[in-house]
Amino acid sequence: MTASTPSRSLQAVVLAGGTSRRWDGQDKTQLVVGGRPLLDHALAALPDDSHVVVVGPPRPTSRPVGWTREDPAGSGPAAGVQAGLRALAPGAPVVVLAADLPRAAELVDALLDAPRPRGALVVADGTGRAHWTSALLSAEAADVVRGLPDLVDASLRRLFDHLDVTLVPSPDGATHDLDSPADLDALQEDHC
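With this note's numbering applied, the sequence shown has no gaps in its numbers, which climb one by one up to 192 at the end.
One thing to keep in mind: the hints can contain errors.
[To be verified] Restraint-style ranges between C-beta atoms, simulated for each label pair:
| # | residue 1 | residue 2 | range |
| --- | --- | --- | --- |
| 1 | R36 | D143 | 11 to 21 angstroms |
| 2 | V152 | W67 | 12 to 22 angstroms |
| 3 | D161 | G126 | 17 to 27 angstroms |
| 4 | R157 | R118 | 16 to 26 angstroms |
Source of the hints: derived by calculation from the structure; they are not laboratory data.
Ideal placement from N, C-alpha and C gives every residue a C-beta, glycine not left out.
Could you build all of it, start to finish, from the sequences and the hints given here?
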């Protein structure tokens, strides 16, 4: 499935609220890779008709989105996922995606091409390690997470412990995110 393919009421939570400590406070979602900010890579990976909520401070985007924040701000990605889900209407599957993934489209395609789960699909890299910020939750799984006690400072693993998880193989190297300036340098060297 590509971004122009109908989504069948798909929704999305894009996590864009991290502190970017290894970037000296620079907003890494605004780093330009391949001619556009990382956040726009994540948004472009999602079907055009999907309702998207970005968790983080509002900033310019390439498409209309809703905005929300975890409470308190900075209380971790699990709290961010939960806040994003609570900002969306129930009843539809939800893609969960980090905003620092230059190859987000490949990850979303892998999730949307897999059989729809009863619980959650989570992308796994070539070693079998789950990448919790690249996931597809069924409508029922999204409701479970919405109903959990607040996940302030909880790990994403703890969030997914409440769900039936199926791992989906990642395209080679697509799970590589940009956690540091060295990651960006390596990415640019690979594509020059």
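Evaluation of the provided hints:
Here the CB-CB span from R36 to D143 is close to 33 angstroms, at odds with the stated 11 to 21 angstroms. Between V152 and W67 the CB atoms are about 19 angstroms apart, so this pair conforms to the stated range of 12 to 22 angstroms. Range check, D161 to G126: about 24 angstroms between beta-carbon atoms, so the 17 to 27 angstroms window is met. For R157 and R118, the hinted distance range of 16 to 26 angstroms is satisfied, since their beta carbons lie about 20 angstroms from each other.
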